[in-house]
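Work the whole structure out from these sequences, hints included.
These protein sequences, in sequence, are chains A and B.
Each residue of the first sequence is one higher than the one before, counting from 3 in the numbering used here.
Each residue of the second sequence is one higher than the one before, counting from 1422 in the numbering used here.
Some clues are possibly wrong.
Claimed, not checked - Partial pick of chain B residues on the chain A-facing surface, computed with a CB cut under 10 Å:
1. Ser1511
2. Thr1513
3. Pro1669
4. Phe1751
5. Gly1754
6. Arg1811
7. Leu1842
8. Tyr1928
Stated by the list, open to error - Which bits of chain A does chain B cover? Going by a derived footprint, with three or more residues having C-beta under 8 Å, they are:
9. 52 to 59
10. 85 to 95
11. 246 to 257
12. 264 to 278
In case anyone wonders, no lab produced these hints; they're calculated from the structure.
Backbone N, C-alpha and C define an ideal beta-carbon position, used for all residues, glycine too.
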Amino acid sequence: MTKTRLRIIRMFKTLRHMPLVASLVLTAGLPVAALAWDDLEDAARGQQVFFNAWGGSEPINDYLLWAADEIADRYDIVLEHVKVGDTGDVVSRVLAERAAGRDEGGSVDLVWINGENFRAMKEQDLLYGPWTDRLPHYELLDFDNKPTLTMDFSTPVDNMEAPWGMAQLTFMYDSARVDTLPDSMAELLTFAQENPGRVTYPALPSFYGTTFVKQAMLELTDDPSVFYESANAVEDPAAELAPLWDFLDELHAVAWQQGRAFPQDAPQMKQMLNDGEILLSLSFNPNDASNAILTGELPDTVRTYVHSGGTIGNTHFLAIPYNASAPEAAMVVANFLMSPEAQARKADIEIWGDPTVLAIDQLSRDEQQLFDDIERGPAGLSDEALEAVLLEPHATWVPLLEDEWQRRYAR
Amino acid sequence: MLRRCLAAFPAVTAAVFIVPVVIGLIGTWLPAFGYLPALGAERLTWAHWEYLLTHPSVPTAARHTLISAWGSTLLSLLAALTLLALTWRSRTLRWLRRSLSGLLAIPHAAFAIGIVALLAPSGWLIKLASPALTGWELPPIFSLVRDPWAISLMFVLALKETPFIIFMTLAALQQLQVGRSLQMGRSLGYTEFMAWRRIILPQLLPLLRLPLFAVLAYGVSVVDLALIVGPSAPSTLAVLVDRWFNHPDILRRLPGSAGATLLLVLTVLSLGLWWLLEKLWLRLSRPHWDSGQRRSALHWLARPAEGLSLLLIGSALAAFMVLVVWSFAFRWGFPDPLPQSWTLRFWERGWTRLQQPFWLTLWTGLAAAVIGLVLVVGCLEHEVTLRRRRPGFTGPKLFWLIYVPLIVPQIAFLFGIQVVLVWFNLDGNWLALLWSHLMFVVPYLFLSLSGPYRNFDDRYVRQAMLLHGGEWCALSRVKWPMLLRPLCYVTALGFAVSLAQYLPTLYVGSGRFATLTTETVSIAGGGDRRLVGVYALTQWLLPMLIYSLALLVPAWCFRHRRGMRLQ
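What follows is the structure in structure tokens.
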């Protein structure tokens, strides 16, 4: 009696899942790579995506909550934001999974990544893909004007990660305390000498610190082109870097704590700017200051500037680990996060203020309107000011910089 | 039956917690010598040790580590002992005892963040004094925190550890007959301070060895505190190693493993040196014990000791207050003594954000504390039954192994454990998370419960067994109710230990579990002190609540029993 009843219940359960079963049967033989986008969206239904992303900012966490709600409604996908302190932790976890032989069913489905972490994961074959060219919103990306969409810190992206937002080294200052702004690294040194103890940058190997030093490296040479070649191909890399170390020696002599201590990262510098401990801070997001003014984190007299010779710009991306449990759903999530709607909301300084990766002129009138409606923040820069973008130097220079910096200043 | 059951406890407890550490260590030692097939590294080599030992930052980083670990251990021991010796039976001590639970509940990171917000050049203290007293419109350029000599790190560690040492000393003192010793000393004309130094301290130090080992080992391997108040160019060795484990260049994990092993070596050497110094001190000072000197030249310490206890409680209170003020601030710049504008939004948002982590932390902490308590009581009770049969028995010889997780730096074995858990498909599993917390909860419980438990007068139990006959009844109706106070107290301690676990939650949880601590650490990365205030205070208030319960429950249970009241 009970056995029969059980069997009937089971039959009903199977029936309820018929569409799913059908799609499974249809797709079972096919690898994910061969699915058409619509089928892929179907296959992704009901999946759960563990999105590992830095969790230090409330505006960003809030934005991801909004995204999770939208994604649940539209695609029946559960988006879980796993708040990480350091992307390196995520790389470690994927690595541990590979060491233990878990080549599928991994704990990370999507990871916020760029630069060195991307290069390392790509080189170690820890990434899934190529996949980004399959996303419908891939077409909308602004490849013409944003070369960093295809070259991430001199590593070819090769469609292994999906562009999410744009970044550019931007300086912040409090206009109530500072009148004349440095327009180059050389002027920054003069500024520091005039305001001893009030200028600093994050310690390497924080990528904020590394970018500051790279910026100085590019500005202080007569021929920056050498830094766009592999350092291994350059005859005497140490000689190329000599002007940089001279500059940093001079800067540290008048820097915060005389260069014997450094902030950890840019968020800490933002606090120090608020406190008046330092007069200049830096960020990768040109709208960071405006957003911080709105949330009360910085005084409303804070403004931003970039060097007229240009500052380093790059892109941050979304990648899928090679052993992700739900690569289909991760792709659907990435595609949503690249949609004009999600990108416009992300670019709104009242929400987050992260610049878009899309080519706005290719969007529909309505979609363009979404971006036009965004007000420029109190500390925002004009598009012209942000036009001069320097590309990241070749990745092989980074270990040279880090090692020598530690040998000189952290011993 | 009960006895046979008990016999299993030490073996089970040790096995469940030691085996993983050993596996984890192997999982770290192999990469240190170049074996990590997941990265294509399969040849044994010394290269990573060479990299480590010739790295320019390592010597200074190791010096920072040793200064802060040794300095904080010595300072906190000195502070705890002078404080207790000079305030014994005074009102100050009673006051201190009462605030001890609040002090013990402080999560390290929250305390350090509060201290920085207080003492930094733009901290609250200078804000209060500026510009009226100092004339400063901008914060001064000298800094008391994050100094390049690791002095501030040492002091913050010492401040944080002193309440723990006081707590452990109070427990140890119950085993010594302090009152009688002091009386004897007085009758022979010794000042009380001298009696402490000559009679009590030599008996006390061996009893404090294990807690001091835990403090010393913690000082060597601490990462979060060192990031917040420590030096930055270079940082401490633990931070350096942690960075290598997170480094974008994946291959840095190989020298990172060597560095983690070096941390372990430093810890073991430190513990050995401590043990030697303790023996040496006892040997060398013995001839002076009967020198006949009755007074001490150090008597002037009495006043500073009171000052010290004030400083201790005061700094915790001030760190707490500054976090409270920040958590309600909207705009707060320099040199405003108070925020320019206030808001409730960070609490409102924080509250909704923290609900899930709050409950997860609560249940995990309670489960870990209760399971830990059962295991530890089982082990201790087993010891008692053995002693009944074999007088003079002092516990299974290998039992010190249970302290291994406290002494081995977490970075040195967590990666290995993670690999093994993934292997068995146990990562991201709540039971595995609970177990990883237990690894640290059990030794702390053992450390703090063994004193009171071993000291319990066995004659009560024998009497009860005579009257009733059942061992179980004797335990559940007589012994455990009489020990209710320490039992409750260590449960609260176990809860606080579970709550504080960051790295184990991260490594074992596979990002599936957000606790108050992981949320606080990740939000602290953004540096927004108003949010950090909300998160850190929640992380502080929860264990405080549990500690208060641990005080109130016995007080309520014993409200009709004068003999069980706290003296």
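How the hints compare with the structure:
1. Violation of the interface hint for Ser1511 of chain B is found here, the shortest Cβ-Cβ separation to chain A being roughly 41 Å, above the 10 Å cut-off.
2. The criterion of a C-beta within 10 Å of any C-beta in chain A is not met by Thr1513 of chain B, whose closest approach is roughly 36 Å, and the hint is violated.
3. At a threshold of 10 Å, the smallest CB-CB gap from Pro1669 of chain B to chain A is about 3 Å, leaving the interface hint in force.
4. The beta carbon of Phe1751 of chain B is positioned within 10 Å of a beta carbon in chain A (closest approach about 4 Å), and the interface hint is therefore held.
5. Using the Cβ-Cβ criterion of 10 Å, the hint placing Gly1754 of chain B at the interface with chain A is satisfied: the shortest such distance is roughly 6 Å.
6. Proximity of Arg1811 of chain B to chain A is violated relative to the hint, the smallest CB-CB distance being about 45 Å (cut-off 10 Å).
7. For the restraint placing Leu1842 of chain B at the interface with chain A, the shortest Cβ-Cβ distance is roughly 8 Å, inside the 10 Å limit, so the hint holds.
8. At its closest, the beta carbon of Tyr1928 of chain B sits 8 Å from a beta carbon of chain A; the interface hint therefore holds under the 10 Å criterion.
9. For the segment 52 to 59 of chain A, the stated coverage by chain B is satisfied: 6 residues place a CB nearer than 8 Å to a CB of that chain, which reaches the threshold of 3.
10. Remark: the segment 85 to 95 of chain A is confirmed as covered by chain B, as 11 of its residues place a Cβ nearer than 8 Å to a Cβ of that chain, reaching the required three.
11. Proximity of the segment 246 to 257 of chain A to chain B, defined as three or more residues with a beta carbon under 8 Å from a beta carbon of that chain, is not established by the 0 residues found.
12. Counting residues of the segment 264 to 278 of chain A whose CB falls under 8 Å from any CB of chain B gives 12; the rule of at least 3 is met.
In summary, the structure is inconsistent with hints 1, 2, 6 and 11 from the numbered list given earlier, while agreeing with the others.
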